[in-house]
Each structure stands twice: as structure tokens, then as C-alpha cells.
Amino acid sequence: AQSVSQHNHHVILSEAASLELGCNYSYGGTVNLFWYVQYPGQHLQLLLKYFSGDPLVKGIKGFEAEFIKSKFSFNLRKPSVQWSDTAEYFCAVITNTNAGKSTFGDGTTLTVKP
Amino acid sequence: DAGITQSPRYKITETGRQVTLMCHQTWSHSYMFWYRQDLGHGLRLIYYSAAADITDKGEVPDGYVVSRSKTENFPLTLESATRSQTSVYFCASSSATRLAEVSYEQYFGPGTRLTVT
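Taken in order, these protein sequences are the chains called A and B. Add 90 to the 1-based position in the first sequence for the working numbering, that's all there is to it. So in the working numbering, spot 59 of the second sequence is number 41, and the numbers just go up one at a time.
The shape of chain A in the complex, shown without the other chains (with noise of 0.2 Å):
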């Protein structure tokens, strides 16, 4: 079974800091990879999607995502994060063998000081 990996648990940042959140997958075929994002009191709203061509996604909010076949990774970036990017971060996949489920990350919390 597929499964999806977030290292960072907790990341505290100042603001206008450069984020990088990681997220590895494990599986062997095609795949299609998904951030989610939860801002606190909220419930999860997509931030930005995979499913073929350009590597390199952009998403919402000046996100944007790098899928890195060889690695089996698909790292979240922000060049310069603001106090509103305080969330909880999940990374989610999709695979040709799992009927349409996601496996989600068990989610990295963003905490931006002002």
C-alpha cells in the first residue's frame, strides 16, 4: 500500500522567510499528488495539484510545488510566507491502483510570527 510521509511536524517561521515543507510517497506507478491546506477553525481546501506535464505547479496564495519523480517527492515552497499562511499542511496522493482514495501525510504545522 501506498503511503505518504511528512517530516516536518511543526515548522516555525518568521515572516517574509522562505518555506520548504517536504513530502515523499511511497509507490512505484503513475501518481497524482495534492496539498491541502487547514487553516485553524477551518476544514481542508486545496492549495495546489499534480497529475501530469510540467512538474512544477503553482497553487494558491503563491504556492507552488515540485514533483521530483526520482526522488518520489513533491515539496511545497513559498518564497516569503505571511502571518496568514499559519495553517496545518497536508500532502496527499493519489494512485492508479487505489480506487480514488487519497493517502494523506500526517500534516506539517506552519506557525508564521509576525
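No lab work stands behind these hints: they were computed from the structure. Fair warning: there could be bad hints in the mix.
[Said to hold, decoys possible] Cross-link-like lysine to any residue pairs, in silico, SDA-like; alpha carbons within 25 Å at most:
#: 1; chain 1: A; residue 1: Lys139; chain 2: B; residue 2: Gly40
#: 2; chain 1: B; residue 1: Lys39; chain 2: A; residue 2: His133
#: 3; chain 1: A; residue 1: Lys139; chain 2: B; residue 2: Thr(-13)
#: 4; chain 1: A; residue 1: Lys139; chain 2: B; residue 2: Arg26
#: 5; chain 1: A; residue 1: Lys151; chain 2: B; residue 2: Gly(-15)
#: 6; chain 1: A; residue 1: Lys159; chain 2: A; residue 2: Asn98
#: 7; chain 1: B; residue 1: Lys52; chain 2: B; residue 2: Ser77
What you are looking at is a predicted structure, and each value in this text was computed from that prediction instead of being measured.
Given the coordinates of chain A, work out where chain B should sit on it, guided by the hints.
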């Protein structure tokens, strides 16, 4: 444009009682999912459904029952609630299942915070 709704938003129940959490989506999405979110465990899939009358177990199905008689509804029942089922429960839906299709990101409901005393 209601999207996906869950009810109740908050529920306190006693150990041993049966409780049902409701989920309703207005998009006619084929797939629906139930997750629980616990500190330190992220999101864990309880059950999912590929279509009306088709359901399957997820990662943590024990103690839960689902049904899907209509495409738009996917209720989750705790048959005999236990304290370990205290959690935040999220329902989600997805419009497609195959990798060739464009949009099968999941859309999440607002969650139900359940406390079992």
C-alpha cells in the same frame, strides 16, 4: 451553491450510545469519504463510497457503519460510541476516480466535532 455540508457541527454523547453524523453534497459527486482527524495522526480514512450502494472500508473502520442509498448522502454511524472515537470527523467528496480524468481533488465539509463522555 451549498457544496458539502455536515451535521451536526458539534455533538456530545455518552459512551455506548449510537450516534449518526450526516453528510450531504450537492454536486452529484460519485465518491464520498469519511475521515477522522486526531492530533498526531493527521487524517485517517474510515470508509469511502464509490457510488450509491457501494461502500468500502478505509484505514480505521472498526466501530463505524456507513450507508449510501442516495448519491448525495453518506451518513456515518457510531454503533456504540467509545471515548476513543472522540475526534473531528470530516466528510469529503470527489468528482472522479480514474487518473485520466481531470478533477478528482477532494472537497471537504466543515467537520463535526464529536465528544464521547
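Hint by hint, here is what the structure shows:
1. Lys139/A / Gly40/B: Holds: Lys139/A and Gly40/B sit about 23 Å apart, inside 25 Å.
2. Lys39/B / His133/A: holds, 23 Å
3. Lys139/A / Thr(-13)/B: holds, 23 Å
4. Lys139/A / Arg26/B: holds, 20 Å
5. Lys151/A / Gly(-15)/B: Answer holds: Lys151/A to Gly(-15)/B is near 22 Å, not above 25 Å.
6. Lys159/A / Asn98/A: Holds, at roughly 20 Å.
7. Lys52/B / Ser77/B: holds, 15 Å
This entry satisfies every hint, going by the numbered hints stated previously.
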